[in-house]
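There are 2 protein chains.
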Amino acid sequence: MKFDVLVEIRLRPGIADPQGATIERALPALGFAGVSQVGVGKAIRFTLDAPDEAEARAQVEELCRRFLANPVIEDSEMSLSVGAAP
Amino acid sequence: MKFDVLVEIRLRPGIADPQGATIERALPALGFAGVSQVGVGKAIRFTLDAPDEAEARAQVEELCRRFLANPVIEDSEMSLSVGAAP
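These protein sequence lines map, in sequence, to chains A and B.
Under the working numbering, the residue at position 9 of the first sequence is numbered 10, and the numbers go up by one with no gaps.
Under the working numbering, the residue at position 63 of the second sequence is numbered 64, and the numbers go up by one with no gaps.
Treat the hints loosely; a few may be bogus.
Treat identical chains as interchangeable: a pair holds within one or across any two.
[Unchecked claim] In silico EDC-like pairs for lysine to aspartate or glutamate, Cα to Cα no more than 16 Å straight-line: (1) K43 x E75; (2) K3 x D76; (3) K43 x E78; (4) K3 x E75; (5) K3 x D50; (6) K43 x E9; (7) K43 x D76; (8) K3 x D53; (9) K3 x E54; (10) K43 x E56; (11) K43 x D18; (12) K3 x E56; (13) K43 x D53.
In short, the hints are calculated from the structure, not lab data.
Construct the entire structure; sequences and hints are all you get.
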């Protein structure tokens, strides 16, 4: 069974986010007011072949914990859907 | 009115994605089989102050087009929800 997986990785609260801070500082000068709390993270998409959804979730969770995110400074959140094409 | 915005920026189909390719190549050796079509993009979250949802969507769209994404090589997708906390 194929699953389409999206993992969003973002910095934990309290960890400095210079990319986000730069965007936030720049926008008012570029004509966009009202933007705040900018955070820049990663969005990793992939296709996973797994026997069922529970197994797929377990695999993605381990993948995040061990390789995709750095759990000391990053949180990860996954969303998973059954792939449309076989 | 405050909106929580998530913008996902990913490379357009056909644009080389060395980060994704590296992850895809490395995973089988690390014990994860069955992962394919890995793509690495950006996830930008922020809070936007706008009078209503239509105006918020228009602002985020322009923001993406002009600053957050490079439309030559990147696609962007937004999701927007009314902020929980005032």
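*Against the earlier hints, flag every one the structure doesn't satisfy and list their numbers going up.*
Checked against the structure, the hints that fail are numbers 2, 4, 10, 13, while the rest are satisfied.
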